[in-house]
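Could you put together the complete structure from these sequences and hints?
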Amino acid sequence: MQATEWEVIDRMPCTIRLLRITTGSAGFYDFDEYERLVEAAKALDANAYLIVLLGGEAGLRCGEMIALEWSDVDLGKRQLCIQRSEWRGHVSTTKGGRLRYVPMTARLAAALRSHRHLRSPRVICQRDGSPLTQDMVRDHVQRAARRAQLAKSGVHRLRHSFCSHLAMRGAPARAIQELAGHQDLTTTQRYMHLSPAAIEGAIRLLDQPGSVRKLGDILETAGAETANPPI
Numbered sequence: 001m002q003a004t005e006w007e008v009i010d011r012m013p014c015t016i017r018l019l020r021i022t023t024g025s026a027g028f029y030d031f032d033e034y035e036r037l038v039e040a041a042k043a044l045d046a047n048a049y050l051i052v053l054l055g056g057e058a059g060l061r062c063g064e065m066i067a068l069e070w071s072d073v074d075l076g077k078r079q080l081c082i083q084r085s086e087w088r089g090h091v092s093t094t095k096g097g098r099l100r101y102v103p104m105t106a107r108l109a110a111a112l113r114s115h116r117h118l119r120s121p122r123v124i125c126q127r128d129g130s131p132l133t134q135d136m137v138r139d140h141v142q143r144a145a146r147r148a149q150l151a152k153s154g155v156h157r158l159r160h161s162f163c164s165h166l167a168m169r170g171a172p173a174r175a176i177q178e179l180a181g182h183q184d185l186t187t188t189q190r191y192m193h194l195s196p197a198a199i200e201g202a203i204r205l206l207d208q209p210g211s212v213r214k215l216g217d218i219l220e221t222a223g224a225e226t227a228n229p230p231i
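Per this note's numbering: the sequence shown = residues 1 to 231.
Errors might be hidden in some of the hints.
To be verified - Computed cross-link-like contacts, DSS-like style, restricted to lysine-lysine with a CA-CA straight-line distance of at most 30 Å:
id : residue 1 : residue 2
1  : LYS95     : LYS152
2  : LYS42     : LYS95
3  : LYS42     : LYS152
4  : LYS77     : LYS42
5  : LYS77     : LYS95
None of these hints come from the bench; they were simulated from the model.
The following block contains the structure:
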């Protein structure tokens, strides 16, 4: 298809049927499972504990955890600045190319405060100060899951749990989008079916008193909107 766009060929020699991409719901830990995972990680070591909290209570991606530096941590304001990510030893900007600020939970702030070290600028690192790899991060999560007697899963399940728990607590989609750093609100919408508070609130809008408009007014307004569509 790009060949025609770049004028390499005049037209496609055959037709291509694009497959529809379905957006299913993401797997996540329920509240009880997540607490079991947190306790299991805490019993393992400080890195495992921080990895679970950074993913489950701040929504960091694996590469963002690895690249997180102490200069990004403001314990006074209880806030993280997520501005870089690491992939196979290469550090660049986050997915989407923009930084975001994430407030810390009390538990995450306490864990970071007690974990402070001078071995490396990186928050989570090996004993000699060298950075963790993605495989190491995944191993920490899987060992914690086994200890908690939970099904084996990847690091991204923590991030899914972060978004899902916010939706289940009634957080607005826009707030979840900002905290998670989703480029597109469509990504965030995958979690919003878990938000009973938002659905209940939408229906309750119908109970609110308001001015009753005549049918002619409604038709006139609709006609005007059709004639002058929004840009």
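Taking the hints in turn, this is what the structure says about them:
Taking the CA atoms of LYS95 and LYS152, the gap is about 26 Å. The hint holds against a cut of 30 Å. For the proposed pair LYS42 and LYS95, the alpha carbon gap of about 29 Å is at most 30 Å, so the pair holds. About 18 Å separates the Cα atoms of LYS42 and LYS152, which keeps this hinted pair within 30 Å; it holds. Straight-line distance between C-alpha atoms of LYS77 and LYS42 comes to about 24 Å, which keeps the hinted pair within the 30 Å bound.
Simply put, LYS77 and LYS95 have alpha-carbon atoms about 25 Å apart, close enough for the 30 Å limit, and the pair holds.
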